[in-house]
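**Q** Please model the entire structure based on the sequences and the hints provided.
Sequences listed follow chains R and Z, in order.
Numbered per this note's numbering, the first sequence spans residues 1 to 166.
Numbered per this note's numbering, the second sequence spans residues 1001 to 1324.
These are calculated hints, taken from the structure and not from any lab test.
Keep in mind it's a predicted model, so treat the numbers as computed, not measured.
You can trust all of the hints, since none of them are fake.
Only some residues are given here: those of chain Z computed to face chain R with a beta carbon under 7 Å:
(1) V1111
(2) L1114
(3) L1117
(4) A1118
(5) L1122
(6) V1124
(7) W1132
(8) V1151
(9) F1171
For every residue, glycine included, the Cβ atom is placed at its ideal position computed from N, Cα and C.
Okay, here's what each chain looks like letter by letter:
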Amino acid sequence: MNAMFAIAAGIAVLATVMMITRPSAVHALLYLTVSLLAVAMVFFVLGAPFAAALEVIIYAGAIMVLFVFVVMMLNIGGEAEALENDWLKPAAWIGPSVLALLLGLELGTLAARGGLARSAATVIGPQAVGIALTGPYMLAVEIASFLLLAAVVAAFHLGRAVMRGV
Amino acid sequence: MSQSHAIVAGLLNVVLGLAFLMITAALLTWVERRLLGFFQDRPGPNRVGPFGVLQVAADGIKLLFKQDWIPPFADAGVFVLAPAISMITVMLAMAIIPATPLIGIIGDLNVGLLFFLAMSGLSVYSAVLAGWASNNKYSLLGGMRAAAQMVSYEVFMGLSLVGVVMLAGSFNLTDIVRSQRHMWYVVPQFLGFIVFFLGGIAETHRLPFDLPEGESELGAGFHTEYSGMKFGMFFVGEYIGIMLISAMTTVLFLGGWYGPVLPPFMWFGIKTGLLICFFILLRAALPRPRYDQLMALGWKLLLPLTLLNILVTGALMLGLPGPA
Chain R
1 MNAMFAIAAG IAVLATVMMI TRPSAVHALL YLTVSLLAVA MVFFVLGAPF AAALEVIIYA
61 GAIMVLFVFV VMMLNIGGEA EALENDWLKP AAWIGPSVLA LLLGLELGTL AARGGLARSA
121 ATVIGPQAVG IALTGPYMLA VEIASFLLLA AVVAAFHLGR AVMRGV
Chain Z
1001 MSQSHAIVAG LLNVVLGLAF LMITAALLTW VERRLLGFFQ DRPGPNRVGP FGVLQVAADG
1061 IKLLFKQDWI PPFADAGVFV LAPAISMITV MLAMAIIPAT PLIGIIGDLN VGLLFFLAMS
1121 GLSVYSAVLA GWASNNKYSL LGGMRAAAQM VSYEVFMGLS LVGVVMLAGS FNLTDIVRSQ
1181 RHMWYVVPQF LGFIVFFLGG IAETHRLPFD LPEGESELGA GFHTEYSGMK FGMFFVGEYI
1241 GIMLISAMTT VLFLGGWYGP VLPPFMWFGI KTGLLICFFI LLRAALPRPR YDQLMALGWK
1301 LLLPLTLLNI LVTGALMLGL PGPA
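**A** Next up, the structure:
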């Protein structure tokens, strides 16, 4: 299982790097999808099959598809790529690189002290997640549903306004 | 030693299972054309081999020997990736289906149903990316239709299964079939059954919901630019998709392998086969709706129905005494 974890984690990091550096929006989104799939695999190896499945269904299967959909609708091509290349000058990488390096150092020291060595002995099934969500985390779930309700009402309103305007 | 034996046996199971799927999907192209011929009062392909069954081989050879062409204006990498996604996702989803407790590629996955939904979610990419990478107006329109249609119908498909999961108390497909020993879920979950099947047709974009590739307005939709074996992969992917939805419907609503007299795998085969024939009958019988009608049906009829179904199922489970 350790080898599976290492491979999945490596793919996730590599795909994320590729995602940041691609000038073409669709290619970047595809790498982000690969990264999400790899993270789902990491969840699965760590003993959270339910979280892994939801990661694929919701992030890779729904949200990223909508991103790709919008990019397709806007149909941004060569000009946008040129613009993106223009923005991503070498100097722009300094700030993010320093911050990422700091995070990496922090992670490295934690690992060196053995703070990351947590065993994944227990598998957390769907029922356990459901009980946690409807028990101690009920309030968070309700707040999230408020947000979604607001989004639904907004979408409904926008759709109606367009229809009246015709 | 025994561990390596297990690995070899597992690999053999996967290879044989996938080979069986590919061959059945290829044969289905012939079955569909013969059945369509029967429904439309004409012979259908009947020249190559007995009853025309070798038409499959002839088509395969023809596709393989066609020039493997990528349009110069296309995005080559994504263009090649799209048909592969179409086949890989449906084949992976097929892997979790238990034909009987013993026959299946992976069989026992404790999030089996979610895995199926995840794979059908990923299959959207094949149509979307094919449409985008082809760099062609018709393809792009087809890809956009496919994205909107599949993302919408996925919602109802997932919600329609909640009732089944509530009754069975598990995401494991083997457990779901076992809990149907006394009554198939098509009876208590009739609404769920209808919505799931409609969602499945939309998800495989088969007629009458094949608007992403509607010939009369979009050429061939998202696969307009595809030829040779890359087109063949979309084609085989579509047929495995039909098998997948039929097999899932059998497992979730029609009692899987349960049935009198005949051995379990034959019952599974018969139920799945009849559903596949029903898919083909739908293609022969129904006209294509308008795109806005398709979306309106989904959001204005199927979504409220599935929500009502969940509410009623939950209320009955709480209200009725004993194991529901």
